[in-house]
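Visitor: Take these sequences, add in the hints, and give me the full structure.
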Amino acid sequence: MVTRSAVLLVLGRVLVKAFLIALAVVVVYPLVWMLLNGVKSNSELFSNPFALPVAWKWDNYVTAWNRGVGDYLTTSVLVTVASTIATVFISAWAAYGLTRVNIPFNRVVLILILGGLMLAPTVALIPLVKMFQSLGLYNNLWALLILYTAFRVPFTTFLIRAYMMDLPAEVDEAASVDGASKARAFWQVILPMCKPILVSTVLLNILFTWNEYLFAMVFTSGGALQTLPVGLTNLMSKHGTDYPVVFAGMAIAAIPVIVLFFAGQRYFIRGLADGVGK
Amino acid sequence: MTVSDTAWKPAASPPAPVSAKSPRNRTNKPARSRRWRNFVWVLPAVLLLGVFAYLPLVQNLGFSFLKWDIYSGRQTFVGADNYVRMLNDPIFWKSLLNNTLYAIISIAFQVFGAIILAAMIEGLRSQRWRGILRAVYFVPSAISLTVAGLLFYFIYEPEMGILNAALDVLGLGNFTQAWLGQENTAIFAIIAMSQWQGFGYCTLLFSVALQRIPSELYEAASIDGVGPLQRFFSISLPLVREMTGLMMIVTVSGAFQVFNEVMVMTSGGPNNSSQVLGTWLYRSGFVRNDFGYAAAVATAVFIITLVLAVIQLRISKKRRVQW
Chain A
1 MVTRSAVLLV
11 LGRVLVKAFL
21 IALAVVVVYP
31 LVWMLLNGVK
41 SNSELFSNPF
51 ALPVAWKWDN
61 YVTAWNRGVG
71 DYLTTSVLVT
81 VASTIATVFI
91 SAWAAYGLTR
101 VNIPFNRVVL
111 ILILGGLMLA
121 PTVALIPLVK
131 MFQSLGLYNN
141 LWALLILYTA
151 FRVPFTTFLI
161 RAYMMDLPAE
171 VDEAASVDGA
181 SKARAFWQVI
191 LPMCKPILVS
201 TVLLNILFTW
211 NEYLFAMVFT
221 SGGALQTLPV
231 GLTNLMSKHG
241 TDYPVVFAGM
251 AIAAIPVIVL
261 FFAGQRYFIR
271 GLADGVGK
Chain B
279 MTVSDTAWKP
289 AASPPAPVSA
299 KSPRNRTNKP
309 ARSRRWRNFV
319 WVLPAVLLLG
329 VFAYLPLVQN
339 LGFSFLKWDI
349 YSGRQTFVGA
359 DNYVRMLNDP
369 IFWKSLLNNT
379 LYAIISIAFQ
389 VFGAIILAAM
399 IEGLRSQRWR
409 GILRAVYFVP
419 SAISLTVAGL
429 LFYFIYEPEM
439 GILNAALDVL
449 GLGNFTQAWL
459 GQENTAIFAI
469 IAMSQWQGFG
479 YCTLLFSVAL
489 QRIPSELYEA
499 ASIDGVGPLQ
509 RFFSISLPLV
519 REMTGLMMIV
529 TVSGAFQVFN
539 EVMVMTSGGP
549 NNSSQVLGTW
559 LYRSGFVRND
569 FGYAAAVATA
579 VFIITLVLAV
589 IQLRISKKRR
599 VQW
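As you go down the protein sequences, you meet chains A and B in turn.
Residues 1 to 278 in my numbering are what the first sequence lists, from first letter to last.
Residues 279 to 601 in my numbering are what the second sequence lists, from first letter to last.
The reader is advised that the hints may include incorrect statements.
[As the list claims (entries may be wrong)] What follows is a list of derived Cβ distance ranges for each label pair:
id	chain 1	residue 1	chain 2	residue 2	range
1	B	A456	A	R266	42 to 48 angstroms
2	A	F50	B	G459	56 to 62 angstroms
3	B	N567	A	W187	45 to 51 angstroms
4	A	L167	B	R352	52 to 58 angstroms
Note that these hints are calculated values from the structure, not bench results.
Just so you know, even glycine gets a beta-carbon here, dropped at the ideal spot from N, CA and C.
Guide: Written as structure tokens, this is what we have:
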């Protein structure tokens with residue numbers, strides 16, 4: 001009897017592992033297919049979709065780059081860097097104000113900022129278009145910078161605030177004994193101590209901004225002002241018949257974030273797990 | 279002095295004390311003005327959110343009672359007309375149905391499927407394999423929905439796509455079709471892509487939740503001769519219950535905000551069969567130039583997401599008290 005259940009257990013383990021690995025292959029294959037299609041010729045795409053490229057046409061990437069992907073990438077990098085920095089600083093200040101400084105209407109401010117977590121961007125879309133048109137910021141990267149920051153501050157503040165609350169009180173006392181002002185305590189003591197959660201929030205904000213589509217599509221229309229997600233759909237509609245170039249463009253958009261995820265996996269997981277409810 | 283907010287924070291860790299009054303801070307200035315000066319810490323966040331998130335929310339409600347031509351700028355008050363039109367609009371109901379389908383299917387795969395997967399992964403003996411699988415499943419969640427949507431547009435494509443080609447190889451050639459080009463399959467093809475894209479994210483979070491369960495519980499159960507399946511149902515599942523509740527709400531809330539992938543893959547077509555609230559709102563406002571109507575649809579989205587958010591808050595509050 002013992003041996004039979006032991007055999008079943010081992011068999012179960014093998015089956016589970018085989019299933020998990022098979023699933024991993026199914027999950028990854030579309031991405032591999034994308035990368036391979038980016039170095040094929042157009043006729044190869046249609047002859048046998050599973051075949052490996054005959055001659056690896058790396059110049060598809062060059063073509064994609066010259067057909068606008070280079071510009072889109074530059075814009076994406078610019079918007080991502082600027083809005084991530086703005087979001088993390090504004091959120092860290094707010095988190096500090098909410099946890100370690102005595103501010104008026106503390107409770108109201110807390111509800112106002114964290115309440116932003118439940119706002120869907122689509123709901124604000126129509127008035128925002130009108131607002132940015134009258135501000136003269138329509139079809140302008142400032143629009144994206146402002147909107148990404150505004151809509152990411154609640155989540156980012158939520159994460160940093162939870163972290164700051166766990167820092168012991170002695171930290172502030174030590175800083176004040178040294179005669180440091182609140183501002184100095186923030187920059188020199190608290191902020192450096194928050195480094196792990198700051199890394200998490202930076203990574204999550206990069207991921208968000210790099211991939212955002214709705215605002216990017218509605219608030220920019222000119223070629224060079226477009227970010228990668230919007231630019232790719234343009235590449236598709238303008239040069240729709242040259243599919244390998246579109247695949248190359250997709251790969252250019254996807255590879256940086258995949259690399260980033262693997263490099264900062266630990267921080268990503270921490271941020272995501274804390275974000276759902278610590 | 280301290281931030282008293284048990285609602286947002288577990289009682290386990292004491293709230294961070296703030297009352298670090300330095301002698302230097304105790305100047306002659308009245309305490310009140312010092313407090314207001316401290317407001318500068320939260321001012322940027324409050325201003326940004328007030329102007330670019332809350333104000334538009336209120337404005338949207340106002341717009342939904344107008345007939346508004348954005349090009350001529352002419353606005354006329356029409357009362358509840360936009361809402362009446364919305365409730366009589368079959369495409370609005372079609373969109374709502376598609377969002378609901380999205381939610382139901384996502385709960386099945388991304389919540390319950392992910393729990394089972396996470397339990398399978400965490401049950402593996404090799405630490406290395408656990409890490410590799412969690413990361414590999416997550417990769418589709420790192421790429422943008424635009425790239426994922428375009429990729430599956432090609433996968434579903436009848437001429438060059440691998441889905442039909444794979445069906446042919448498997449001898450299921452009868453099932454090959456233009457997945458995104460037909461009214462009865464388009465929305466399901468999009469939802470399927472979304473499961474591929476999102477399940478790894480949920481699996482990762484459930485893995486984290488499972489890791490927090492004390493291993494002694496499993497060891498005790500093993501010694502008592504409890505099998506792996508029963509351990510899953512009597513230990514794992516009950517102990518990730520709160521995470522399950524939260525993930526369900528997050529998933530449903532996401533399902534009612536879907537926009538990107540539908541826009542990229544079908545734009546709501548063919549014949550509006552894959553329209554969702556987000557794309558219908560966009561189309562009404564920016565293609566059909568019917569901004570008042572679009573604002574009414576936006577209000578519907580707001581009400582749905584607000585209700586879900588309140589439920590989410592209740593779940594997390596309850597959990598925090600129990601913890």
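Visitor: Please go over all the hints and tell whether each is borne out by the structure.
Guide: So, going through the hints one by one against the coordinates:
no.: 1; hint: A456/B - R266/A: 42 to 48 angstroms; verdict: holds, 43 angstroms
no.: 2; hint: F50/A - G459/B: 56 to 62 angstroms; verdict: violated, 22 angstroms
no.: 3; hint: N567/B - W187/A: 45 to 51 angstroms; verdict: holds, 50 angstroms
no.: 4; hint: L167/A - R352/B: 52 to 58 angstroms; verdict: holds, 56 angstroms
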